[in-house]
Amino acid sequence: MLKARGNLWQKAGISIIILLCMFLINIAIGSVYIPIDSIFHHLMGNELEKSTWVTILDTYRIPKALTAIIAGVGLSLSGLQMQSFFRNPLAGPYVLGISSGAGLGVALLILGSSAFGWTLMDGGTDLINGGVWSMVLAGSLGAILVMSMISLAAWKVKSSTTLLIIGLMFGSASGAFVNILSYFGEAEELKLYTVWTMGSLGGISGWPLFIFALITFIGLLPAIAQSKAYNAMLLGENYAKSMGININRLRWSMIISTGLMAGSATAFCGPIAFIGISVPHLVRIIFRTADHRTLLPVSALLGASFLLLCDAICQLPGSAETIPINIVSSLLGAPLVIWLILRKNFNAEF
Amino acid sequence: MEKPLYTISAQDLCIGYTRKKQEIKVHDGLNFQLLPGQLYCLLGPNGVGKSTLIKTLLGHIPALSGSIYINGKDLKKLSAEQMAKTASVVLTDRVSSGNLHVADLVALGRVPFTNWAGRLAEADLHIIAKAMEATKINYFKDKPLSEISDGQRQKAMIARALAQDGQLIILDEPTAHLDLINRHEIMQLLRTICKTENKSILVITHDLEVAIETADELWLMQCGEPLIQGSPEDLIVSGKIQHLLTSPGLYFDIHHGRVRSTYPDTVTTIHGPAALCQWFLAALYKAGLQHLGSDYEIHLFEEPFKVMVKTPTGGFEGETIRAAVDFLLMAEDERLK
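If you read the sequences in order, they're chains C and X. Quick note on numbering: the first sequence equals residues 30 to 379 in this note's numbering. Quick note on numbering: the second sequence equals residues 17 to 353 in this note's numbering.
Just to be clear, a hint being listed does not mean it is correct.
Below, simulated BS3-like cross-link-like pairs (lysine-lysine); rule was C-alpha separation at most 27 Å, straight line [to be verified]: (1) X:K71 to X:K37; (2) C:K270 to X:K71; (3) X:K256 to X:K326; (4) C:K185 to X:K41; (5) C:K270 to X:K36.
To be clear about the criterion: a stretch of chain C counts as covered by chain X if any three or more of its residues have a C-beta under 8 Å from a C-beta of chain X, and this derived list gives those stretches [what the hints assert, rightly or not]: (6) 245 to 257; (7) 262 to 276; (8) 316 to 323.
No lab work stands behind these hints, which were simulated from the structure alone. C-beta atoms are modelled at their ideal positions from N, C-alpha and C, and glycine is treated no differently.
Isolated chain C, as found in the complex (with noise of 0.2 Å):
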């Protein structure tokens, strides 16, 4: 923290350069090739030579790119303060039953639509036009649900750890609920619910895209204005006291932070694996800081840019198919961090 400064800038310089690159690398892949070149004529505001390109990338590779940045940034946010404030380097961004609670509400939309007899569907399948809203809805409830439950558990009790063992509990009791309504599913709409759980950053643009980076940029705050007391927190919780940081102000900003990042990342798109349990750890064992006012954001630029290059990978470049995100940036994510912990002793490094 004493020559931190000066590194920062340098840290979160290289972060940069690389988010962009990955910016311009995930617009640029798919089934259809664009360069690079046309995209920054394109970026400036300039015509292409082809519309279809303009199609292309106004209607959905730049959304979908936007999507992965503000989805990668609350995750990998969420994830570290849940590490921080657990001081458990397996604490991620669902610990707290945020995705699992998303889970039950989105299915009871699709799973419980032949049961309860609704049809918000708009026939089903459409997700991408009519059916986004109701699923953003319904993974919102969910998670909203869970999170009140949760903020009733924290505050009658004090210990972190029970804390964290509360959220998992509400976790696996909204598996159960969604496990009896998966058994009593149609096959079309089991289908369709285990492809939401292996997430999606496509077909979100416009209004919900401004929401969802609105409700993202509001997470955000509490994670930056408690980055001091983050820092006091890797000496453990007694040590923090007594230098005067509020444990009960940090755990109720930490819900909050969490709840509105993790918890729309999560309704818009899914719960997206790994990027939140991850990235935190590759910045620490990369970059060797403990520093908050580093990892916040460097965490966050390097989670945004990790989430676009899953995403890249996703589109099969030169293929018309595309697989869903969560299979590559687990795929992807697991070896890389398995590979940096056997380099680096990862034991001393949380």
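Knowing the structure of chain C, use the given hints to seat chain X on it.
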């Protein structure tokens, strides 16, 4: 404003916990004051309430009754932030952040004083440098915590507490798990800090010998008894120090300033220099040979060391205590047959 005389003063303090609306008293009727520039060592058996006392003094748990004044102000009226500016701690909690560098750890001591972003001003940097200077940790300040020894880590934690720059520093067993040299070094360091910076330092320790050497005042805490306070020397001379040793098998040896097992009256007479006799006797007790009888004669000589033993049935001459004890064990075996 006149500076208050005491860093801490407590009246009729009752410490303990509240569980399910029931008060569990740990210790009652505590009265004490801490003066600036004095080093206090609190000794007492496990479970007597030393850690509870720390938490109460820091305002982390409320006192069940009684009052605490910090720098003349009521503890109950102090905010967490004001408290952090007055008192800093070194706890027994293990700090596991391997990526944290020593200098950054010390810088964390400035947390109560910096703005929301934790930006360190010139004055903060100066205090941090001074704290690292005083604790002599500059030579490893750029290392991460994962690469330093336990003794270095403890010094870094003390530097952090010093950087917090309050009037009071409380340390919970700062010398536990440390080797002999580090134990003495750390306590001497605390004494120096206490004198040069005019701070009140309260150390909880189980290390009686080091505490006697370094403390200005010892506090002896025993279950259900009032706190015994006084300079280590006075407590030894008045025999009050024996209160610490409630087990009948132990006593405080006033001649040598250390805790010993109580030796029952011996019949065996050992001739020779007193210092040598003492250690020979210790070896006899360890072997269970305290009742040798008056017909045994033992002579010890120094430079070079020599042992001569005469028994009714024979004799022994050797250069080590162990050989002599082995001989006596054999002699005893034969006698009992």
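Exercise for the section: Report holds or violated for chain X covering the stretch 316 to 323 of chain C, Cβ cut-off 8 Å, minimum 3 residues. Expected result: Since three or more residues must qualify, the claim that chain X covers the stretch 316 to 323 of chain C holds, with 5 doing so at under 8 Å.
Exercise for the section: Would you check the hint for K185 (chain C) and K41 (chain X), treating anything up to 27 Å between C-alpha atoms as holding? Expected result: 24 Å, holds
Problem - Restraint check for K270 (chain C) with K71 (chain X), where alpha carbons must lie at most 27 Å apart - result: Holds, at about 11 Å.
Handout entry: Residues of the stretch 262 to 276 of chain C with Cβ under 8 Å from chain X, three needed, outcome
Key = holds (count 11)
Practice task
Sort out whether K36 (chain X) lies within 27 Å of K270 (chain C), counting only the CA atoms.
Solution key: Holds, at roughly 24 Å.
Problem - 27 Å Cα cutoff - pair K256 (chain X), K326 (chain X) - result: Judged against 27 Å, a Cα distance of about 42 Å means the pair is violated.
Practice task
Three residues minimum, CB to CB under 8 Å: does the stretch 245 to 257 of chain C make the cut for coverage by chain X? Let me know.
Solution key: This one holds; 3 residues, not fewer than the three required, reach chain X with a Cβ under 8 Å.
Exercise for the section: Verify the proposed pairing of K71 (chain X) with K37 (chain X), using a straight-line Cα cut of 27 Å. Expected result: 19 Å, holds
Against the hints set out earlier in the document, a violation occurs for number 3 only.
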